[in-house]
Amino acid sequence: KAGVTQTPRYLIKTRGQQVTLSCSPISGHRSVSWYQQTPGQGLQFLFEYFSETQRNKGNFPGRFSGRQFSNSRSEMNVSTLELGDSALYLCASGSGGPAYEQYFGPGTRLTVT
Amino acid sequence: KNEVEQSPQNLTAQEGEFITINCSYSVGISALHWLQQHPGGGIVSLFMLSSGKKKHGRLIATINIQEKHSSLHITASHPRDSAVYICAAGSQGNLIFGKGTKLSVKP
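Residue numbers (my numbering), protein chains in the order written: chain P, 1 to 113; chain X, 1001 to 1107.
Dumping the calculated DSS-like pairs for lysine-lysine here, alpha-carbon to alpha-carbon at most 30 Å:
1. X:K1099 / P:K13
2. P:K57 / X:K1102
3. P:K1 / X:K1054
4. X:K1099 / P:K57
5. X:K1102 / X:K1055
6. P:K13 / P:K57
7. X:K1055 / P:K1
8. X:K1068 / P:K57
9. X:K1068 / X:K1102
10. X:K1053 / P:K1
11. X:K1099 / X:K1054
Just so you know, these hints were derived from the structure itself, not from any lab.
Full structure from sequences and hints, please.
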């Protein structure tokens, strides 16, 4: 099976712009979760989608949003970018049960200048 | 106090040594995950535990639900084990992560 893919892998944006990141899960997986990793805060949970519905949400401002399509592919959007949004954004897919193994993508490294 | 605490933060070992990384959590969980992250960012899931003990090759993970504590053991460590090991606790994809343990194994 192909692994989790994320596009783009690298992105440079300017403060105030918006960005959309994409995640394609492993075939058959119904859950996609998004995480932000920074040197200062480490890994933090953004949100989780299951069957096109946001099931869980982390403690991030409303500028961070996402969605999931019927084929389980997911996108996350960050509007009005701030310098502090520079991070590695990781998505992970899984079966979506109460506890399931997470399969991580390679991440998108976003730099905001 | 962080909800998921790992120790030690950094660990240097000689090849062949037995290694233990500890993780304590204060949140309710459905499962505890152990992850490995190599330089460059890629994260691999090593274990998902909700009780007891699991073993994959030279890696062993244990969890004590009553004490809210988990350990990751590496037997006969090898330089290729050098990576950051991260524990994460929670339910479904809603995970709280430890700060990670940076392991360096010297030949």
